[in-house]
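> Make the full structure from the sequences, and use the hints.
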Amino acid sequence: MSRRLGRDPYRAVIQQFNRKGVRYVVVGMAGINYYARNPAETFATLDYDLFLEPSLRNVERAILVLQAFGFTLGTSAGVLHSVDLRRMVRHRTTLTATTPDGLMIELLLEVSGYPFSELSRDAATVTIWGVPVKVGRLSKLLRSKQLAGRPKDRQFLRRYQALLREEPSVTRGTR
Amino acid sequence: MRLVRTRIRQVARSRGLTAADVARRLGLYRSNLSAMDAGRRSVSLRLLGRVARLLGCSPADLLEGSWAPQRPVFRHPALTHALETRDQRLIDGRECGWVHTALLAWQRHYGDRS
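If you're matching them up, the sequences are chains R and X in order.
So the first sequence is residues 836 to 1010, counted in our numbering.
So the second sequence is residues 7 to 120, counted in our numbering.
I should point out that these hints are in silico values taken from the structure, not numbers from a laboratory.
Which stretches of chain R does chain X cover? Using the computed rule of at least three CB atoms under 8 Å from a CB of chain X, they are:
1) 842-848
2) 881-893
3) 950-956
4) 970-976
Please read these numbers as outputs of a predicted model, since none were measured by experiment.
The beta-carbon is built from N, C-alpha and C at its ideal position, and this holds for glycine as well.
Okay, structure coming up:
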């Protein structure tokens, strides 16, 4: 029987990850958004990036949770029919999990610049309607984007720089 | 010949263990772990794998220089300061439910358009 995702699939998945002991850190734009002070400072993103500890047992636990929720699992090559976990962990393959209405969670087994232990070490723990969520440190998430160096990352960093320039401390300092 | 430096003590500390704990559990001398961290003693992949299993990380995580150095993201000191302030402002336990509300609203908006 599949579990119910409710109105917030991300919260539901994280809650189960916490219960099942899946080791993860929220990264990417989704992670950066937790540092926003108000909705106007959030950035649109079409997926929710979770960095999983790249161990066989951990990835297996995560996949079991997502399958119980009825997510469609895939990779960049398309829908995943059989899961060769050992191969995926060895090659650090990124998995995608999609809900029937198109919301997507990306399960990353590596990110630019940091091993899992380094991002997890000082991760912040926020709560989403009572559910604890581990989020990577803002400076590391931005640095990771900088190291990834894709055009969209560079563009995002320019936008983030503009956002920081609006901070009162910066405005005062540059006057 | 230059030897690889490890960061076994640092990773162990992040998991609440000391170098002595790691050495005892793996049947090693603590001084050997220190020498590996300092790059004065070679470390085999097999041993690195044993330490990684004990600490619940990948062997690559135990190698010095395998992660990004803490260089500032932005060149301007005022921006670095603003970034650090923002980073520290997110304290453990803060309720951020509204972030998901905003995120899901963005996604519905763009999902409906595509």
